[in-house]
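*Asks:* Chain residues, written in single-letter form:
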Amino acid sequence: MVRLIPKDTSFFEMFAAMSNNLIDAARALVDLFADYHNVESKIEDIRRIEHRGDEMTHSIMRKLNQTFITPFDREDIHTLASSLDDVVDFINAACARIVMYRITDPPAEAGQLARLILAQCEELEKAVSHLQKSDDVLRHCVEINRLENEADQVSRVAIARLFDHETNPITLIKIKELLEFLETATDKAEDVADVLETIVLKNA
Amino acid sequence: MVRLIPKDTSFFEMFAAMSNNLIDAARALVDLFADYHNVESKIEDIRRIEHRGDEMTHSIMRKLNQTFITPFDREDIHTLASSLDDVVDFINAACARIVMYRITDPPAEAGQLARLILAQCEELEKAVSHLQKSDDVLRHCVEINRLENEADQVSRVAIARLFDHETNPITLIKIKELLEFLETATDKAEDVADVLETIVLKNA
Amino acid sequence: MVRLIPKDTSFFEMFAAMSNNLIDAARALVDLFADYHNVESKIEDIRRIEHRGDEMTHSIMRKLNQTFITPFDREDIHTLASSLDDVVDFINAACARIVMYRITDPPAEAGQLARLILAQCEELEKAVSHLQKSDDVLRHCVEINRLENEADQVSRVAIARLFDHETNPITLIKIKELLEFLETATDKAEDVADVLETIVLKNA
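Chains as they are written, first to last, in the numbering used here: chain Z, 8 to 211; chain U, 8 to 211; chain R, 8 to 211.
One thing to keep in mind: the hints can contain errors.
[Stated by the list, open to error] Computed Cβ-Cβ distance ranges for the label pairs, DEER-style:
{"#": "1", "chain 1": "R", "residue 1": "42", "chain 2": "U", "residue 2": "140", "range": "53 to 61 Å"}
{"#": "2", "chain 1": "R", "residue 1": "157", "chain 2": "U", "residue 2": "73", "range": "28 to 36 Å"}
{"#": "3", "chain 1": "Z", "residue 1": "187", "chain 2": "R", "residue 2": "27", "range": "53 to 61 Å"}
{"#": "4", "chain 1": "R", "residue 1": "164", "chain 2": "Z", "residue 2": "72", "range": "28 to 36 Å"}
{"#": "5", "chain 1": "U", "residue 1": "187", "chain 2": "R", "residue 2": "156", "range": "23 to 31 Å"}
{"#": "6", "chain 1": "Z", "residue 1": "24", "chain 2": "R", "residue 2": "156", "range": "19 to 27 Å"}
{"#": "7", "chain 1": "R", "residue 1": "133", "chain 2": "U", "residue 2": "48", "range": "52 to 60 Å"}
{"#": "8", "chain 1": "U", "residue 1": "211", "chain 2": "Z", "residue 2": "48", "range": "50 to 58 Å"}
{"#": "9", "chain 1": "R", "residue 1": "156", "chain 2": "Z", "residue 2": "170", "range": "28 to 36 Å"}
{"#": "10", "chain 1": "Z", "residue 1": "170", "chain 2": "U", "residue 2": "30", "range": "26 to 34 Å"}
{"#": "11", "chain 1": "U", "residue 1": "187", "chain 2": "Z", "residue 2": "51", "range": "41 to 49 Å"}
{"#": "12", "chain 1": "Z", "residue 1": "167", "chain 2": "R", "residue 2": "171", "range": "37 to 45 Å"}
{"#": "13", "chain 1": "R", "residue 1": "58", "chain 2": "U", "residue 2": "20", "range": "37 to 45 Å"}
{"#": "14", "chain 1": "R", "residue 1": "156", "chain 2": "U", "residue 2": "48", "range": "44 to 52 Å"}
Just so you know, the hints here were simulated from the structure itself, not pulled from any lab data.
Note that beta-carbon positions come from the ideal geometry of N, C-alpha and C, so glycine has one too.
Taking the hints into account, I'd like the entire structure generated from these sequences.
*Replies:* Below, the structure written as structure tokens:
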């Protein structure tokens, strides 16, 4: 249905690069919880990926200011870039909690949430790569929303379990916040899906 | 002032149905706190209403993808549907805290906030039903904002009171979060009012 | 690059007044933490500034409804006004925590965050005042984002330090939330920068 004329292909290439960078961050997050060793150095890697994401966002903005004709609305290019950036930011912010709170023993559900974030990022990459040519975008957005619902369930169960077992209120605050930041990363992925849906609808 | 040509009446009917579903959720929430018995089964009812809201949102999206001419901007139909859905989501999320945290004795202000949410939802229903024909929309939006301010005050007083009396930090975290989710539901209703104002302004 | 035809100058004057009101709020916040005496009366002053901001927002909305031709898109005027209002709201909400939680001894980083908020508000005032004539807007937006990153770092270090030293969980919850509200005010300033960038991009 959506068949955007590729007025300037390189915006699509830049979004593809951002999505792949996002997948790198999500994969590093999965690895972190799968093998919880060398935590500080793994988190430092994620911080570097987040920094690369910032630079990619700035490049898109710079290009936007130098380009007269864009493949879709200028403001939507801006919103898409910053919403993709938000996902990496929250992956990074979740990791920052691990450092700030010296979390040595994250709950199993943290790993489950990381895997759901990775699944969403893989769907996002597909949706973004289809923006230029087809209506498959919406199908991937539906799946991203489904994964967000699943993450919501996982985090609710994890937090309920935490309140059932953890008697130290300070530990409880720390672990609860780690789970909430991971869950918010899945909300941010859903926000990207929302932006993609809006772009498809406007150009339908 | 706004006098949108009803190019496709049934979008308005779908939004009317979503608003009425929202009122159902808010009314069930008021009933829950007014008579705090059979809590699990009442919360299960609210979860069912929330699920119905999800289906209504999907129907609107599906229709949007099959409709060529829409009564107002396609992306605004999308934003309005998802912002209405957010209100039910937060009513449901507040109830989820009751289950997760096994809250047996909610504070009186939870009931007060539920009544403010219901008042906002009734205003939203009126604003949505006026979208098609008149400028009354803005008047209802002003009232929704006023109710949000009132809810903000109620929750601040309730949380201050909680910190004055509750000495168990874990109980405090639970009740504080219940009050915050209820207050956030009133923020989400204000967000719908914002979307409605934008639609009216664009079509003025 | 952006050179908006000043169809109705007075919207720009109203936005200038809102930005100056925002600077008043931020300056009062800096003063509060710099000299932590007469706390209630200083916070009452901030609440009054926030109330003035509400009235300014309503005036802009009223004018918008009475004006046929606007200097830039009607919905962007609405979004800019309400995003500016959000910054004052969060400054006020942070102060409300001081009252609600009877905070007598705020951490030094609260003052640091207040100074970063003031720096952002000064940049916002400059960006808003350039909206009408030049492309300097984007330069100020970059600086607002940089200040937000700095605030994020300050609040992370402050909260890490809090968890290292504070053993009373209830005190910890109170101070953590004060720091988070201050940090969220810097996020809201970044949101205004985002709105300004979008306006500039749409009118480039």
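*Asks:* The structure should be examined with respect to each hint, and the outcome stated for every one.
*Replies:* Cross-check of the supplied hints:
no.	hint	in the structure
1	R/42 x U/140: 53 to 61 Å	holds (56 Å)
2	R/157 x U/73: 28 to 36 Å	violated (49 Å)
3	Z/187 x R/27: 53 to 61 Å	violated (37 Å)
4	R/164 x Z/72: 28 to 36 Å	holds (34 Å)
5	U/187 x R/156: 23 to 31 Å	holds (27 Å)
6	Z/24 x R/156: 19 to 27 Å	holds (22 Å)
7	R/133 x U/48: 52 to 60 Å	holds (58 Å)
8	U/211 x Z/48: 50 to 58 Å	holds (57 Å)
9	R/156 x Z/170: 28 to 36 Å	holds (34 Å)
10	Z/170 x U/30: 26 to 34 Å	holds (32 Å)
11	U/187 x Z/51: 41 to 49 Å	violated (33 Å)
12	Z/167 x R/171: 37 to 45 Å	violated (29 Å)
13	R/58 x U/20: 37 to 45 Å	holds (40 Å)
14	R/156 x U/48: 44 to 52 Å	holds (48 Å)
In this structure, the earlier hints numbered 2, 3, 11, 12 are contradicted, and the remaining ones agree with it.
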